[in-house]
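A.B. asks: For reference, the chains in residue letters:
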Amino acid sequence: DTEVTQTPKHLVMGMTNKKSLKCEQHMGHRAMYWYKQKAKKPPELMFVYSYEKLSINESVPSRFSPECPNSSLLNLHLHALQPEDSALYLCASSQGPGSWDEQYFGPGTRLTVT
Amino acid sequence: QQPVQSPQAVILREGEDAVINCSSSKALYSVHWYRQKHGEAPVFLMILLKGGEQKGHEKISASFNEKKQQSSLYLTASQLSYSGTYFCGTPGGGADGLTFGKGTHLIIQP
Numbered sequence: 001d002t003e004v005t006q007t008p009k010h011l012v013m014g015m016t017n018k019k020s021l022k023c024e025q026h027m028g029h030r031a032m033y034w035y036k037q038k039a040k041k042p043p044e045l046m047f048v049y050s051y052e053k054l055s056i057n058e059s060v061p062s063r064f065s066p067e068c069p070n071s072s073l074l075n076l077h078l079h080a081l082q083p084e085d086s087a088l089y090l091c092a093s094s095q096g097p098g099s100w101d102e103q104y105f106g107p108g109t110r111l112t113v114t
Numbered sequence: 001q002q003p004v005q006s007p008q009a010v011i012l013r014e015g016e017d018a019v020i021n022c023s024s025s026k027a028l029y030s031v032h033w034y035r036q037k038h039g040e041a042p043v044f045l046m047i048l049l050k051g052g053e054q055k056g057h058e059k060i061s062a063s064f065n066e067k068k069q070q071s072s073l074y075l076t077a078s079q080l081s082y083s084g085t086y087f088c089g090t091p092g093g094g095a096d097g098l099t100f101g102k103g104t105h106l107i108i109q110p
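The listed protein sequences correspond, in order, to chains A and B.
Quick note: the first sequence uses my numbering, first residue 1, plus one each step.
Quick note: the second sequence uses my numbering, first residue 1, plus one each step.
Just to be clear, a hint being listed does not mean it is correct.
To give an idea of the chain A side of the interface with chain B (calculated C-beta under 7 Å), a few residues [as the list claims (entries may be wrong)]:
| id | residue |
| --- | --- |
| 1 | Ala39 |
| 2 | Pro42 |
| 3 | Tyr51 |
| 4 | Ser59 |
| 5 | Pro61 |
| 6 | Gly108 |
| 7 | Thr112 |
No lab work stands behind these hints, which were simulated from the structure alone.
Model, not experiment: these values are computed from the prediction.
Positions of the beta carbon are idealized from the N, C-alpha and C atoms, including for glycine.
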């Protein structure tokens, strides 16, 4: 099973709402990632979890809050987002946190902030 | 730092060949290649490591010039299924996560 699942597929939220994105993998991977992708742009790294610990926070605004409850799950909690945060949010995982392991991407959650 | 890809877009006839380039201003330890079709997630194609090791799909070839900090992806005898946007990615300073180039949009026509 080389699948990374993400829920929900689509999400529309107001600027005052609180919502969460969920990502799950059962490949035994020890590194998980959140990327943000705007239309016709490359994915941009937001967070990296390595062995369930946050190892990199790429200066992402605090209105995005990641959580890794266990080695298979990754959440992204959203609060007080801005319209410019509307994008495709991709989760990925890799065997290890090194640069020599391929990343498997989930299908993404398309977020619209109104 | 974001790697630089070229060309930005390529239009080919089925069966033709293409080369996509990726360069970086900093020393590279590895280069990753992914393809993303419209509305889908990026899919892993290949990793090239410093020292010559590589892993990926058998039908795709690539090169990695460590001294020039460049990588090239070679698509030969292109098929309609090769259409999509190709991204190269390089590890960040902490070696975790990838910084992707702006992408090369490849269109294969029958």
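A.B. asks: Confirm or reject each hint.
C.D. replies: Hints versus structure:
| no. | hint | verdict |
| --- | --- | --- |
| 1 | Ala39 | violated (10 Å) |
| 2 | Pro42 | holds (4 Å) |
| 3 | Tyr51 | violated (11 Å) |
| 4 | Ser59 | violated (12 Å) |
| 5 | Pro61 | violated (17 Å) |
| 6 | Gly108 | holds (6 Å) |
| 7 | Thr112 | violated (15 Å) |
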